[in-house]
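Visitor: Protein sequence lines, in the order shown, are assigned to chains H and Y. So in full-length UniProt numbering, the last one in the first sequence is 232, and the numbering has no gaps at all. So in full-length UniProt numbering, the last one in the second sequence is 391, and the numbering has no gaps at all.
Simulated from the structure, these hints should not be mistaken for laboratory data. We treat Cβ as the ideally placed atom computed from N, Cα and C, and that holds for glycine. Among the hints, erroneous ones may be present.
[Stated by the list, open to error] Label pairs and their calculated CB-CB ranges:
hint, chain 1, residue 1, chain 2, residue 2, range
1, Y, L339, H, G135, 29 to 35 Å
2, H, P42, Y, H21, 39 to 45 Å
3, H, S43, Y, H21, 47 to 53 Å
4, H, G195, Y, S317, 32 to 38 Å
5, H, E82, Y, I336, 33 to 39 Å
[What the hints assert, rightly or not] A few chain H residues that face chain Y, going by a derived Cβ cut-off under 7 Å, partial list only:
hint, residue
6, K21
7, S33
8, Q79
9, F91
[What the hints assert, rightly or not] Straight-line Cα separation of at most 35 Å, DSBU-like style, residue types lysine-lysine; simulated pairs:
hint, chain 1, residue 1, chain 2, residue 2
10, H, K78, H, K21
11, H, K78, Y, K226
12, Y, K239, H, K21
13, Y, K300, H, K178
14, Y, K226, H, K21
Take a look at the letters that make up each chain.
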Amino acid sequence: MTVAITVQNLNHYFGQGQLQKQVLFDINLEINSGEIVIMTGPSGSGKTTLLTLVGGLRSAQSGSLNVLGQELAGATAKQLTEARRHHGYIFQAHNLHSSLTAIQNVKMGLELHPAVSLTEIQTRATDMLEQVGLGDHLHDYPDDLSGGQKQRVAIARALVSHPQLVLADEPTAALDSKSGRDVVTLMQTLAKEQGCTILLVTHDNRILDVADRIVNMEDGRLTKTALALTEI
Amino acid sequence: MIKFIQQLQRRTPLGWLQLSHERGRLVVALAGIAFADVLMFMQLGFQASLYDSNTRVDRAMAADIILLSPKALNLQNLSTFSRRRLLQALDVPDVQAANALYINSLTWRNPQTRLNATVQVLGFDPDQPAFNLPQVNQQLDKLKLPDTVLFDRGARGEYASVITQLDQNQPVTTEAEGRTLTLTGLFELGASFGADANLMTSDQTFQRLFPRRDAASVSLGLLRLKPGADPDQVAAALKSHLPEDVLVLTAAEFVQFEENYWKTASPVGFVFGLGTAMAFVVGVVIVYQVLSTDVNAHLKEYATFKAMGYHNGYLLSVVFEEAMILAFVGFIPGAILPLGLYALAAKATALPIFMTVSRALLVLTLTVVMCILSGAIATRKLQSADPADMF
Ligand SMILES: Nc1ncnc2c1ncn2[C@@H]1O[C@H](COP(=O)(O)OP(=O)(O)OP(=O)(O)O)[C@@H](O)[C@H]1O
Ligand SMILES: [Mg+2]
């Protein structure tokens, strides 16, 4: 089994000088390809910070951070941007572009990849929206969609390029329990189909069962209580 | 190249979609650009009409080479030089004729309103046509009578009934300098910034109107050359033959001389240049407002795109796409409106104001520069779209 993410001795600080504050302490984590890992932990413990580091949205300051075979510690801004193209992001807020229709939003996830032709973009975006159950809403603007529908468009946008890694930060926080559940199940099915690795942060105990493994963050440290569900 | 077009086809026209999604903002932006364009067109139009109208008399002169005083500034401030220079000019082999033109401004009584007004009087020997104006040359005989003048149909001021009367071949009389002048015919030159109206008359009548002006001191010398002679060569020969107290210019140089006066010595060119610059700045401010509001409104979306792996350059291209769309779409009403305004202004001021292709291209270029400049300032805000804040 190949390894998708290797984090070694990762520390992270916010602020400068006197105001400097350490938020991540000696993080070590290994995630295999195809694994769904859920990260939980109290508010302010550093989950989002770790997720943004893994996703190349922040540059790592010390330690080693290998994501999909690329070392992100010490990478240039341009390298980080390129690296992000292999990840799919699902944010707490859907963050769809309000001037674009559902399908235009999804297409934006494919336009980044020059190898994909115009017709392929069109068909893949349509298929993807149909898979998330929005085949009837291709040309709706986000403002005309419900919260759950918007989040499903966001998932379609994140997954349409078949990323090897999906990062999600509380994707169900803005949704009621039923649509939250639907969204997570959807992510799980699609990810299993495409064989991608998922790292998901959540406070929502009802969705923990989709995980292969749960890790817990506390005060900037990953606690050892993490255990692989599959091994139980 | 083909690859580039394919890339373009794949690309979602994000700038256009963003603009067209916010109809209200788009309309405001386009109105602002059109407004700036109209202002620029009006300023540049007036400026061009200034140069055009002030060289109209100069361009109508029947001369290949023109002699004038070195102290001359423009048509209204020519000073004088000795008539003897004209006779001397005839010594140069290729010079066929040398005629005097007398110019002075005259306060006369407007025949229609009976109020004082200032007109420009052009006096010359009616046996020698001084202008390439068929209307004038057909009526030279009328000028041979004392105290008769021809009147400018394009004059600025209340002369409508005078013109109607003259059109019906009824002479009109009025007073100037204590003499009775008879208007016997019409020609067309038009008003300029320097003179509201032109009168053509004989050198004899001119002398009687301005007794203090010496007939031996002429305003301009109009030289005609033998067919086939090269004006530049003859002008060079004249320069070496004539003393320093007279300036030798070819007809084209003379027009340029007049134009340069208005371009530099007078503040008018500067004023219109400044007006154009201000219209440009107004445009930059309006477009900047619209674009920066738009960037602010989409900061979250832009940060998301960055998180997805789009480079900063992509976001820049979106802002510039918006800038270019605004420039070209805003230019359309901005160029159509002035057509009507030019017609209105031409009617109101009797100045030759009209649209030219080169001016339209100039304003289009300025509009594009204006929008790109605003876009460039607006993109500075893109830096604050930080994808790390997105989670
Ligand atoms: N940009 C920043 N500058 C300074 N401090 C920050 C910044 N972002 C986060 N922090 C601090 O770092 C710590 C960890 O924040 P983080 O957002 O990673 O927590 P979290 O586990 O995601 O919390 P939550 O569950 O509330 O989202 C917090 O104490 C927070 O105040
Ligand atoms: Mg968080």
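Visitor: Against each hint, give a clear statement of whether it holds in the structure.
Guide: Status of each hint after checking the structure:
Our hint of 29 to 35 Å for L339 (chain Y) and G135 (chain H) is violated, since their Cβ atoms are close to 51 Å apart. With their beta carbons about 40 Å apart, P42 (chain H) and H21 (chain Y) fall inside the hinted range of 39 to 45 Å. Against the hinted window of 47 to 53 Å, the Cβ-Cβ separation of S43 (chain H) and H21 (chain Y) comes to about 36 Å, which falls outside the hint. Restraint check, G195 (chain H) to S317 (chain Y): a C-beta distance of roughly 34 Å satisfies the suggested window 32 to 38 Å.
Our hint of 33 to 39 Å for E82 (chain H) and I336 (chain Y) is violated, since their Cβ atoms are close to 47 Å apart. Interface restraint check for K21 (chain H): the shortest CB-CB distance to chain Y comes to about 16 Å, outside 7 Å, so the restraint is violated. At its closest, the beta carbon of S33 (chain H) sits 20 Å from a beta carbon of chain Y; the interface hint therefore is violated under the 7 Å criterion. Here the hint on Q79 (chain H) is broken, as its CB sits about 11 Å from the closest CB of chain Y, past 7 Å.
For F91 (chain H), the suggested interface contact is upheld, since its CB lies about 6 Å from the closest CB of chain Y, less than 7 Å. Straight-line distance between C-alpha atoms of K78 (chain H) and K21 (chain H) comes to about 27 Å, which keeps the hinted pair within the 35 Å bound. Distance hint between K78 (chain H) and K226 (chain Y) is unfulfilled; the C-alpha atoms sit about 75 Å from each other, more than 35 Å. Restraint check for K239 (chain Y) and K21 (chain H): the C-alpha separation of about 87 Å exceeds 35 Å, so the hint is violated.
Restraint check: the Cα-Cα separation between K300 (chain Y) and K178 (chain H) comes to about 27 Å, which is no more than 35 Å; the hinted pair holds. In summary, the hint linking K226 (chain Y) to K21 (chain H) is not supported, as the alpha carbons are separated by about 95 Å, beyond the 35 Å threshold.
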